[in-house]
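Since the structure of chain A is provided, determine the placement of chain B on it from the hints.
Each protein sequence line maps, in turn, to chains A and B. With the first letter of the first sequence counted as 1, position 115 gets the number 115 in my numbering; the numbers rise by one all the way through. With the first letter of the second sequence counted as 1, position 175 gets the number 534 in my numbering; the numbers rise by one all the way through.
Simulated from the structure, these hints should not be mistaken for lab results. Do not take every clue at face value.
SDA-like mimics (lysine to any residue), calculated; alpha carbons at most 25 Å apart, straight line [said to hold, decoys possible]: (1) B/K589 - A/W355; (2) B/K589 - A/P166; (3) A/K329 - B/Q446; (4) B/K589 - A/A261; (5) A/K329 - B/G447; (6) B/K589 - A/F115; (7) B/K589 - A/L262; (8) A/K329 - B/L450; (9) B/K589 - B/Q539; (10) A/K133 - A/F115; (11) B/K589 - A/K329; (12) B/K589 - A/K133.
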Amino acid sequence: MISFRKPPSFPTTFFRQVGRRLPFWGTLLLVLVAAINAAASVLGVIPAWAGWLLDAVSNFSAVFLGIFIEAAPFLLLGTIASGIVEVFISREDLARWIPRQPLPGALAGSLMGLFFPVCECGVVPFTRRLLRKGVTVPVAVSVLLAAPVLNPIVIASTLAAFGPGPIFWGRIGLTLVIAVSTGWIFSRHGAPQSLLREDSGAFPLEPDFSVKTDAAQKPTFVERVRQAMLESVDEFFEMGRFLIIGALLAALMQTFLSQPALLSVGQGPVHSVLVMTLMAVILSICSTVDAFIALAFTGSFTGGAVLAFLVFGPMVDIKSTLMFLRVFKPRVVLLLVGLPFLMTVTSTVIVNLLWKGAW
Amino acid sequence: MNPMNTRSYRTFQALILAALGIFLLAKVMDGRVLLYINQRFVLLVFFAAVGMIILAQLALRERPGAANMDAPPEHAGHSHAEAGDRQGWVLWLVALPVLIGLLAPERPLGASALSSRGMNITSRIAPSEVAQIIEVPSTQRSVLDWIRLFGDAEDPSIYEEQEADVTGFVYHDARLGENQFMAGRFTITCCVADAVALGMIVEWPAAASLPDNQWVRVRGPVQTVVIEGKSIPSILAREIEIVPQPELPYLFQ
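The following block holds chain B by itself, in its conformation from the complex:
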């Protein structure tokens, strides 16, 4: 592959940058960006997308003139993209996020990712305003809320018998018994790369009949289970409802 001439390289650069910008902008607009990053970074991604589009049109306008002619010496310091760097595969590589975004199946992490990522049962998570979680009615607390409450409490038994109503995916952890499964959620601090699976243990006689990765809504009183010396919440399920995957499958820390 020979180095391209400067003009066509710049044209492709501008087009790819614009494609990246539009791709990100589309993800932000339809909310699917939340399948990849924590909501607190969305505004940043939005500005980056707009910035890319602005840069792209600037780059398109400023292309050196005639085709098939290498650029005349450009302005001071503006020539560090060496001829050797101006190759098709470099452009393809930068376009790759758009290609993957369009062609690869878009599915959030689920139980299938647990074989490489594992499920956290007893680890500490970032501190937060536990006082605020207590204010929330018990049936509106998420898996993450419950785990936080239990992690923070001196004596978690004060939460026992409170009614829980949580949604998560089914995961049969090897550490659990036959009548138990985990209602899991992936939590994201920054982006999917740091996704950590958390889960509440659910007591349900027919646990074995629920397949991994099936999303369920679990209702029932909260109990305390002690694993590895730590008190963690579990639910004595009264009712289990099969539900579709929530629009926002991740919980954000």
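Next comes chain A alone, as it looks inside the complex:
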């Protein structure tokens, strides 16, 4: 039989291949560790390799659960924000609020976070909902990149950590510029909708859908809220697994990668920026508090590097990038990560060269 379905793309096949084996081997490993741990507490003494294994696993699980417990409420909040959009905001509203021209549209998208404070865990489901409500892909890209920084909570925490100085304004300004220009670049594509995954669930619903349900049996308010809640269950599972894979990767890196070694190579105007962008990706910390973490780096790193950490981290970290894959085609995700990376690095290196040691 001839199949007309396109074969699944690389990350999909890769995830499925790995994914099929994960439950068995993962559970086996966990049971093994639990057994060693039980044996250790009974016997009192354990061989060195077992001690090392228990240390590694407990450090790993502490970081993993830390990220998950911290991120799960924000992911849930993101699906709630997406539910609110679903129930309370119509396509007409959005069409009225967001300008049609590419540049003003991208600007409006970048400022959306001011009204819907979502951080990087919640922004993906939120953006997908906007797409389904007919928001164009370039505008959605701007929302995706800017909302985790340009929202009241993050602005307040950055202000608390750094005060109204160059880092604070630099973070806001650079984020805005990068999000707007990336959105604008996406708008140059002939058919931006084709950048979405076919099964992304992000396509605008057919217009006749609303007509069908409209006249006779328009769902009541309670029915719509219930419906939105049910959808958030699906959304939690869809986005949650990417969040969890991301948290696993981040925890693995934090357990086995030496941060002091990484930081020790991070001197000079260019290296410091590269190291700090890498740190942002590895740490995968929530944008609501990353300013306080960045503060710890101010003594030993250039101002541009700290700025890069604060601008790039919320746009791209392991868990959010994996969630992008649920909505966009893989090559597009590469662009979504690559463009902000290039722009962040270029601009912060320039900052370093222009204002040497003025921080």
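Leaving out everything else, chain B in the frame of chain A:
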């Protein structure tokens, strides 16, 4: 692995969501959630846990009817969980936090984590109400309080000879001498992923005999040490007591 039918997939979804909710709720109730996140997020986790349980029971009630039959077209926009996504490993992955929480040894970060995370001796930390810390009697200040005081002061020597009484884990940093060790604490801003180890240098003749990761209570007058051009606090230990790990091993920024 074939895609499951919609009904059993939904059943598992609801059960896993409920398990996650109960897991988080249990952690909040017995306070062990503080081994993972900063206390200021606990209320948020509590509401999220309750929300998960509510969603779980809603999902359980709303399962499509007959088994072995794929769902009839669901309501508008409610069918984006494609058949390809309805696989066992996706469910397992979302259940993983509960599995890890139950099976992996639950130990807070200690000296063993320092090889990958490093110990901060001279870095800046978030500003806070130093005036409030000064109000606290010197013997009740934590490692973090002392480091803040010294970081903020124009001339930290005003704190010298004040009596310190702090608890931390032993860490032998390569930068230190033979009669010194660090009394370390991990501080958390948000969650364990951002844990940063801070420490005060302790002067103690028998420092080498204390093993890494041993929790100790250190008492003695505070001194100033200059490292990398920065003044940081150290303790000239008069008394060192071996203590069990505190219930709250982390300090919160």
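Status of each hint after checking the structure:
1. B/K589 - A/W355: At roughly 23 Å apart (the allowed maximum being 25 Å), A/W355 and B/K589 satisfy the hint.
2. B/K589 - A/P166: 24 Å, holds
3. A/K329 - B/Q446: 21 Å, holds
4. B/K589 - A/A261: Between B/K589 and A/A261 the Cα gap is close to 22 Å, so the pair holds against 25 Å.
5. A/K329 - B/G447: 24 Å, holds
6. B/K589 - A/F115: Roughly 43 Å separates the two Cα atoms, so the pair is violated.
7. B/K589 - A/L262: 22 Å, holds
8. A/K329 - B/L450: Roughly 23 Å between the alpha carbons, so the hint for A/K329 and B/L450 holds.
9. B/K589 - B/Q539: 18 Å, holds
10. A/K133 - A/F115: 17 Å, holds
11. B/K589 - A/K329: 50 Å, violated
12. B/K589 - A/K133: 55 Å, violated
Comparing the model with each earlier hint shows violations of hints 6, 11 and 12; every other hint is respected.
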